[in-house]
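Enquirer: These protein sequences, in sequence, are chains A and B. Quick note on the UniProt record's numbering: the first sequence kicks off at 1 and runs consecutively. Quick note on the UniProt record's numbering: the second sequence kicks off at 1 and runs consecutively.
Don't read these hints as lab results, they were simulated from the structure. Don't take each hint at face value.
To be verified - With a cut-off of at most 27 Å between alpha-carbon atoms, the simulated DSS-like pairs for lysine-lysine come out as follows:
1. B:Lys333 / B:Lys85
2. B:Lys12 / B:Lys127
3. B:Lys30 / A:Lys103
4. A:Lys12 / A:Lys30
5. B:Lys269 / B:Lys77
6. A:Lys269 / A:Lys315
7. A:Lys100 / A:Lys77
8. B:Lys333 / B:Lys315
9. B:Lys318 / B:Lys295
10. B:Lys245 / B:Lys127
11. A:Lys333 / A:Lys132
12. B:Lys338 / B:Lys355
13. A:Lys100 / B:Lys315
14. B:Lys355 / B:Lys17
15. B:Lys315 / B:Lys262
16. A:Lys338 / A:Lys262
17. B:Lys17 / A:Lys42
18. B:Lys315 / A:Lys103
19. B:Lys103 / A:Lys315
20. B:Lys42 / A:Lys17
21. A:Lys30 / B:Lys103
22. B:Lys85 / A:Lys42
23. A:Lys245 / A:Lys281
24. B:Lys103 / B:Lys42
25. B:Lys42 / A:Lys30
26. B:Lys9 / B:Lys127
27. A:Lys330 / A:Lys112
A quick note: this is a predicted structure, and the numbers were derived from the prediction, not measured.
The lines below spell out each chain.
Protein chains: 2
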Amino acid sequence: MENIATKVKITKASSSKLSSVDFSNLTFGKVFTDHMMVCDYKDGSWQTPEIVPYGPLQMYPSAKVFHYGQAVFEGMKAYKDDEDKVWLFRPEQNFERINKSSKRLAIPEFPKGHFFNGLEELLKLDKEWIQKGFGNSMYLRPFVIATEPGVSASTSSEYKFMILCSPAQSYYSGEVRVKVSEDYSRAADGGVGFAKAAGNYGAQFFPTDIANSEGYQQIIWTDANTHEYLEEAGTMNLFFRIGDKLVTAPISDRILDGVTRKSIIDLAKDANIDVEIRRIKVAELIEAANAGELKEIFGSGTATVVTPILGFGYKGEKYELPKIEDSYAKSFKDQLLKIQYNQAEDKFGWRYEVK
Amino acid sequence: MENIATKVKITKASSSKLSSVDFSNLTFGKVFTDHMMVCDYKDGSWQTPEIVPYGPLQMYPSAKVFHYGQAVFEGMKAYKDDEDKVWLFRPEQNFERINKSSKRLAIPEFPKGHFFNGLEELLKLDKEWIQKGFGNSMYLRPFVIATEPGVSASTSSEYKFMILCSPAQSYYSGEVRVKVSEDYSRAADGGVGFAKAAGNYGAQFFPTDIANSEGYQQIIWTDANTHEYLEEAGTMNLFFRIGDKLVTAPISDRILDGVTRKSIIDLAKDANIDVEIRRIKVAELIEAANAGELKEIFGSGTATVVTPILGFGYKGEKYELPKIEDSYAKSFKDQLLKIQYNQAEDKFGWRYEVK
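The task is simple: from the sequences and hints, build the whole structure.
Expert: What follows is the structure in structure tokens.
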């Protein structure tokens, strides 16, 4: 990464909350570190990034984000190795994607120097919050919100770019079974499904709550037109192992271009696994399941890295996947974690050290 | 409306900003009155509605609304007649719709007594802000936002319901020409298009900015599957007058059930105008335009009541509508305004007095 000179203004917290945190008992995304990064957009440009003590914002209730959902975000993690070095995983991908999301939401793109220098200063300041140990990490949440006060339905002239840091434990995500969506949809062609737009997520809560009540943890979204094709799981991209072949849906304007997804595709190709990036029908999944050919389904995403899916439901039928010895999901997860924690060779150049 | 006893806690502003406002020069949605209504949801129930001085909120940057767009809103107006009486227009429709929107966004429904008593107390307190005179009004913005701090992508356990009041002038919305969308989409089948969900609006800003740069003020959205059928304009429902027949798209899970739209349908039927509520193809519009049969297009919505559309663009072609003497748009607007301002008989029972 080139070093781009951007001044970052730092105001340190007067005391640290670190000693009060029980790191053996963390709820995901609930505890935040001592500092956060804030950068305002006004008068047509992004101002100096600042690092300030974590705390509440003062915002007018007429701020556009509250009314029109003009907001995007990213999810990243920082890892600490055995020598206390701090690493990021492909951060330039998150930087590029937040600007891609911003563009679709009519939010001004954020400068690269602001992003990297702000993020690195923040991590250096709150480094003690990153726990060592395989699986422990610091979840990073860059996001942008429209802050202009005023309820006319048009593009905001003011924004806030922020980064929050939340220590995260290695966690067992529980047994995950998914429901294949038959009625509800996540995204339209020509819509904002490819973006990490805030509204994409809130729109999934109601159908997901229904699926939860039926015993499923997540939803596999299908295309809105026909509900015949498998897309993504809302917080994860999906992989299907049919025989020894790995199939995943192509990215489109409805499907998020996941960083973990593309890394898994690279790892699979590198291992000479046959990867097919193509649309996949629900019917093909069912057929493969019935023929005993469907060996694995797994989700990929920053939070859980790889999530094995034990079964799925479709039109009232429940399908259970076989237990498998030689699991692709487990292998990809191990490989990714070892790269992320500086325990293996980084042949793709994915690691990025925070110095 | 039945009177439902709900206590409203009132904290008055120490002074009024009223004298500092230039009512002859208002920008829509920029000036707010002295007070606002706030009601918190926590521990599983809506608390006592409060009226407090208008001012900034303190919110954690991890509040779910910033990250997942779990937010809905409404648009209403209050009108003052020549005898200083204050009126609302079909407010129960807005009350029912915000709860319909909330349900789809997994937000707990708001109690009717809280809504009406809070709104009426607020209007009584800021009554002086409503200017008399045809076209002047007080724009009301009820909305709900998810306030629970925490960045896990799941339904919030805390919310804020608020009502803001903004004085609005009678305004000439300028010459409006619209672009028929060929690529971008507003909503998917099975999505949240029927709801006044915050994210639906932010997602339209970028395509609308492009249309603006091409000389169009708004976009006519078409269905995401085929882009062949006309839907709505994002902040307006649409009516097409072909010959003397009035055509409007049926509401669906992609199209907002507009209060002004349904009122116009009732007025049209009452005037023995032939109203067809059916899907309408772009091709039919073009054909009617070319045959000289397309006499009017107009949008309906709370902010502008009825907006005549002077022309539209489709696949690079520009179509201008004829000037018309006996305009349906003008007639419906006059009738609605007269009912809203207590200047005409209210045969449908749409007016609601704030006492």
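Enquirer: All hints, please: hold or fail.
Expert: Verification of the hints:
1. B:Lys333 / B:Lys85: holds, 21 Å
2. B:Lys12 / B:Lys127: holds, 14 Å
3. B:Lys30 / A:Lys103: Roughly 25 Å separates the two Cα atoms, so the pair holds.
4. A:Lys12 / A:Lys30: holds, 21 Å
5. B:Lys269 / B:Lys77: holds, 24 Å
6. A:Lys269 / A:Lys315: The given pair, whose Cα atoms are some 34 Å apart, is violated under the 27 Å limit.
7. A:Lys100 / A:Lys77: holds, 20 Å
8. B:Lys333 / B:Lys315: violated, 31 Å
9. B:Lys318 / B:Lys295: holds, 16 Å
10. B:Lys245 / B:Lys127: violated, 41 Å
11. A:Lys333 / A:Lys132: Holds. A:Lys333 to A:Lys132 sits at ~18 Å (cutoff 27 Å).
12. B:Lys338 / B:Lys355: holds, 20 Å
13. A:Lys100 / B:Lys315: Given pair A:Lys100, B:Lys315 holds - Cα atoms ~26 Å apart, limit 27 Å.
14. B:Lys355 / B:Lys17: Between B:Lys355 and B:Lys17 the Cα gap is close to 24 Å, so the pair holds against 27 Å.
15. B:Lys315 / B:Lys262: violated, 31 Å
16. A:Lys338 / A:Lys262: holds, 17 Å
17. B:Lys17 / A:Lys42: Since the Cα atoms of B:Lys17 and A:Lys42 sit roughly 26 Å apart, the hinted pair holds (cutoff 27 Å).
18. B:Lys315 / A:Lys103: holds, 24 Å
19. B:Lys103 / A:Lys315: holds, 24 Å
20. B:Lys42 / A:Lys17: holds, 26 Å
21. A:Lys30 / B:Lys103: Status holds; Cα separation ~25 Å.
22. B:Lys85 / A:Lys42: Distance of about 42 Å is beyond 27 Å: violated.
23. A:Lys245 / A:Lys281: Holds, because 15 Å separates the two Cα atoms, which is no more than 27 Å.
24. B:Lys103 / B:Lys42: holds, 17 Å
25. B:Lys42 / A:Lys30: Roughly 17 Å between the alpha carbons, so the hint for B:Lys42 and A:Lys30 holds.
26. B:Lys9 / B:Lys127: holds, 18 Å
27. A:Lys330 / A:Lys112: violated, 34 Å
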